[in-house]
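Trainee: One letter stands for each residue in the lines below.
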Amino acid sequence: MNRLFKDKEHLVRVAGLFLAGIVVFVVARAILVPKGFGQYGHYRGGALADVRSKPVVYAGRAACVECHTDEGDRWKGGKHKGIGCEACHGALAKHAADPSALKPEKPDAKTLCLSCHAVNVAKPAKFPQIDPKAHMDGGLCTTCHDQHAPDKEPKK
Amino acid sequence: MSQDRREFLATAGKVLVLTAPAAAYWDALAAGKTEPAEPAYRMADHFWGMVVDIDKCIGCGGCVRACKTENNVPPEPFYFRTWVERYHVDPLSEHPEVDSLNGGFNGFPEKFAPGDKAKSFFVPKLCNQCAHSPCTQVCPVGATFESPDGAVLVDKTYCLGCRYCVQACPYGCRFIDPRTETVDKCNLCYHRITKGLTTACCENCPTGARQLVDLKDPKDPVHEFLRTHKVHVLKPQMATGAKVFYNALDGSVR
Chain P
928 MNRLFKDKEH
938 LVRVAGLFLA
948 GIVVFVVARA
958 ILVPKGFGQY
968 GHYRGGALAD
978 VRSKPVVYAG
988 RAACVECHTD
998 EGDRWKGGKH
1008 KGIGCEACHG
1018 ALAKHAADPS
1028 ALKPEKPDAK
1038 TLCLSCHAVN
1048 VAKPAKFPQI
1058 DPKAHMDGGL
1068 CTTCHDQHAP
1078 DKEPKK
Chain B
3 MSQDRREFLA
13 TAGKVLVLTA
23 PAAAYWDALA
33 AGKTEPAEPA
43 YRMADHFWGM
53 VVDIDKCIGC
63 GGCVRACKTE
73 NNVPPEPFYF
83 RTWVERYHVD
93 PLSEHPEVDS
103 LNGGFNGFPE
113 KFAPGDKAKS
123 FFVPKLCNQC
133 AHSPCTQVCP
143 VGATFESPDG
153 AVLVDKTYCL
163 GCRYCVQACP
173 YGCRFIDPRT
183 ETVDKCNLCY
193 HRITKGLTTA
203 CCENCPTGAR
213 QLVDLKDPKD
223 PVHEFLRTHK
233 VHVLKPQMAT
243 GAKVFYNALD
253 GSVR
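From first to last, the protein sequence lines are chains P and B. With the working numbering applied, the first sequence corresponds to residues 928 to 1083, in that order. With the working numbering applied, the second sequence corresponds to residues 3 to 256, in that order.
Don't read these hints as lab results, they were simulated from the structure. Ideal Cβ positions, reconstructed from N, Cα and C, are used throughout, including at glycine. Be aware that a few hints might be false.
Stated by the list, open to error - Derived Cβ-Cβ restraints for the label pairs, each shown as a range: (1) Gly1065(P) / Lys113(B): 21 to 29 Å; (2) Gly163(B) / His1062(P): 48 to 56 Å; (3) Pro1026(P) / Asp101(B): 21 to 29 Å; (4) Asp1064(P) / Glu96(B): 43 to 51 Å; (5) Gly1065(P) / Gln139(B): 53 to 61 Å.
Bound-form chain B, shown alone (with noise of 0.2 Å):
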């Protein structure tokens, strides 16, 4: 087979532009195979959180029973997805007294007289769904990840219940399922948001404490929120990432 220089160099060229969609398809059609169904959620138009207002909260623990019932968290007081505290800060005091009975599954009965001289409020807790989460990275087998849409999952069928992320998240969000040996957290009811519903904790706080955001939809009022109030994150200084703005935090929460 003869062959020239032109034509040598004409097929080279074609070869190498062809590549590039060629190596594109190839690549659809393997993520096709595994693409999850309902194509009306795009992951991509989402990046989800949360904001919680502490000046709405009346801790009545109407997420925390929510929650257990949604997602079938263990019963037992010390499993939970979300549980709300009460801080009782003296301002002379250099440390609040926080109490958390049952993780304010039942609510709170009145426990400090009015007028004692010391603020008092309620903090809902949940998984802040870091954008770079510390209990990811310590996962050995990427179990647990963040998903495109600013969730942070955990893949139950290969978790080796290690307990790495348990000890990595600095808020203390993730336990043991004790039934089936493998880490469980808040996944922001990811199969109900996915669907176009709000998470459970939200869809039943009575007095809209907490509301999920989704940071890509420029209509949501989480934008505006953002704007005109002055909110914090749970340990900033760890630069996590948090995505659970807090609303009126006093400097004592940890």
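Only chain P is shown next, with the shape it has when bound in the complex (with noise of 0.2 Å):
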């Protein structure tokens, strides 16, 4: 028995490292692994909260009508109701947050109509469509259409 153990230091020696070892990687496991880590799954579960917490830049169409009621109802009852206000008239939900901190500027009816309406081959047959040198005559299409509610009868 006394022989077996007579050299029990190389072993206590070995253990010494075997349990400094755990011990630096515990340590640098809980400094270097991030805080809910492994929450939902392999990353962080704090990520999820980052992410949502960027500001919204389009405020959204139901915003834009609890204000502006008047066009809101007109732009309901017409073609046009499919399409939010804001892909003509630009990000604004920093003015649905406070009126007066940016006032939104009248879209170019010029070139705003013909980015959807101008004729080409790869839009669907059915969406209406016009060539623009044979339709116009060079005024602006709110002149006659009404952007709105353009199936409406034309403005005069």
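With the hints in hand, could you dock these two chains into one complex?
Mentor: Listed below in structure tokens is the structure:
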């Protein structure tokens, strides 16, 4: 029995090394692995909140018609009812939060209407398209068509 | 201290029975600390995807412009979270002619003459929000992942910019943001959809060609749509579990 353990200081040294290694591993892991890692999967749980915290730039059509009820009612009854307000008027979350903070600019009807309605063979055949050279006399689309409800009677 | 067998068994039983609830309580406590705010939104109630109707897309590029504005995508014409491609397919030719001038940011000027015996159509592209995404599997640090509600997100604070995921994505949906040297991609406007809004591209699509859908919401019209239309995902042979469903997709689209 004594012969078996006569060199036991070797064992103690190796055990000490192992223990130190384990301690270093545990400490390093605690420092390096971010908080919340593994909460939902192999990633930092807090990242979800980080991505969510980004500010919204487009307010959404529901916010627009809360105040602009007249335009909203006309828009809802016309052929353009599926188009969000900001598709033409630009990103206006700042304006929705505080109307005085950002004044929306009037869209340029000359280029804006054509960005959808200029003729193109790749567009679905059912989509209303015009050849700007043949259809227009160089004037604005909005002199004849109501931009918010284009299928209603032409403007005078 | 003396303890007979009966007492020992009773104590051991109590300890055994109480361990599970104690562990669950401890987990709940630990989870509660990092649970994101906005208690109204429950991740378990949603599973997001998108439906794209090719028959409705007019190639106006409204989605591309809206996405760049909403998500602060670098303005250079080769960084996109979403973009539009124009296909021009001659049925007798082996290869379709595809162009995507500036990602469709300014729309598509007419290039083909009507009646040239080819079919032509637009295909909006974006991250397919794969349920078994190859891009998340290659990330060495867990900086990109599928969220429990079905969006593929990027943890910008832990991304190394190693570009493995850029190569792994079969759809070419990722890029390195030159300002931060970290990866960026469509995250389905996660900051919007968790607040009850739709994505910026869907909000600004004039024809309704793109629709954000919640596959876990039984009232979502997507279920009716998927039942009544012949839909397809891109590269189904890759088995990525893509959740962007295309209606009327031509076989030439890759």
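Trainee: Take the hints in turn and mark each one as holding or not.
Mentor: Hint by hint, here is what the structure shows:
{"no.": "1", "hint": "Gly1065(P) / Lys113(B): 21 to 29 Å", "verdict": "holds (24 Å)"}
{"no.": "2", "hint": "Gly163(B) / His1062(P): 48 to 56 Å", "verdict": "holds (50 Å)"}
{"no.": "3", "hint": "Pro1026(P) / Asp101(B): 21 to 29 Å", "verdict": "violated (42 Å)"}
{"no.": "4", "hint": "Asp1064(P) / Glu96(B): 43 to 51 Å", "verdict": "holds (45 Å)"}
{"no.": "5", "hint": "Gly1065(P) / Gln139(B): 53 to 61 Å", "verdict": "holds (57 Å)"}
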